[in-house]
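Asker: Listed below are the residues making up each chain.
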Amino acid sequence: MDKVFIIIPCYNEKEVIRKTILPLMALPYQVVVIDDGSFENILEEILDLNIHYLRHPVNLGQGAALQTGMDYALQCDADYLVHFDADGQHQINDIEKMLTPLRDEQRDVVLGSRFLNKQTIAEVPFYKRILLQMAKVINGIFTGIWLSDAHNGFRALNRNAFSKIRLEENNMVHATEIIQQIKYHELTYQEVSTEIIYTEYSKQKGQSPLNAISIFIDLILKKLL
Amino acid sequence: MSIIQLILTVSILLLLWLYIRHFKSQLISKILFSILFVAGIVAVIFPEVTNVIANYVGVGRGADLLLYITVIVFYTSLTFIYSRFKKIENRQTEIIRLLTINSAKKLPQKLTDKI
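Protein chains in written order, with my numbering: chain A, 4 to 228; chain B, 22 to 136.
In isolation and in its complexed conformation, chain A is listed as follows (with noise of 0.2 Å):
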């Protein structure tokens, strides 16, 4: 049996951080969730599940804490690992679509994409669809890899990928950046369809197009220096 982690990094999603980690507990998984230094009491709304916790004692942003759950899988002899998000979007169901190329066809990397299919790419709202064809050019241009699907949180990674990928950037880039050093270690990689469902809490917690403007900024600035 292979030992796969869950991998959670949660930043101030008491509300919702219970309702996604419940699902997973019936599954054969390990799920640990990072703590990313939130002012609000994560660990008291998960204290009797069967979970790793960890926590950042200062706030570090989403790339540092996956980096750090990726560190600790390692630790703990992973041998395949999923990012996931905290606020429920992604669908437990895929979970396994993510895994399946991992052990049959033996990729290092696999992404979710909700533009692979028809149906999850309506269900993403007009003004994110354009903004994230954007994002999707823009790192082209920068990787050198085209995605369907720039930024989506979802992925599964096998042992040599996440013993060789070192996130840096410790803010949201780090999604360009993994991409990058798919490229730079020669990753196999792939993309999966999956689905993102926009719950209010979601749309509310995700990122403001102002916020994508300024990832755009720090990836200039990080090619050029």
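Hint data in this document are derived by calculation from the structure and do not stem from the laboratory.
These figures come from a predicted structure and were not determined experimentally.
Cβ-Cβ distance ranges computed for the label pairs, FRET-style:
hint, chain 1, residue 1, chain 2, residue 2, range
1, A, Lys6, B, Leu48, 55 to 63 Å
2, B, Tyr103, A, Met137, 23 to 31 Å
3, B, Ser50, A, Gln193, 51 to 59 Å
4, B, Pro129, A, Thr103, 29 to 37 Å
5, A, Ile124, B, Val94, 45 to 53 Å
6, A, Ser166, B, Ala84, 53 to 61 Å
7, B, Val59, A, Leu224, 31 to 39 Å
8, B, Tyr103, A, Val140, 20 to 28 Å
9, B, Ile109, A, Val140, 30 to 38 Å
10, A, Ser217, B, Leu128, 32 to 40 Å
Ideal Cβ placement from N, Cα and C applies to all residues, glycine included.
Using the hints provided, position chain B relative to the given structure of chain A.
Answerer: The following block gives chain B in isolation, referenced to the frame of chain A:
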């Protein structure tokens, strides 16, 4: 000597003093910075000198040449500071990460356990 020349000269001398006093840098960079500061004072007291240099490189006025140099120096320093800042941030992240992994908890914990 006009008032502005006096103000600038005193400011430059003060900066030089601060630099030598407080920065524990190497002797060579101390010497280089001293030369730079002295050049600054010369430019303040004899502005015609900058005009001569400016004309030589193809700029109309000495003040314009100084502005161009200032812009370049400013952005170069900004880049250095940014990369230094990034390095410190990365180091800090590694320390926090180590702390975090070392104090990872396996839940569920008994209520009697101290959290």
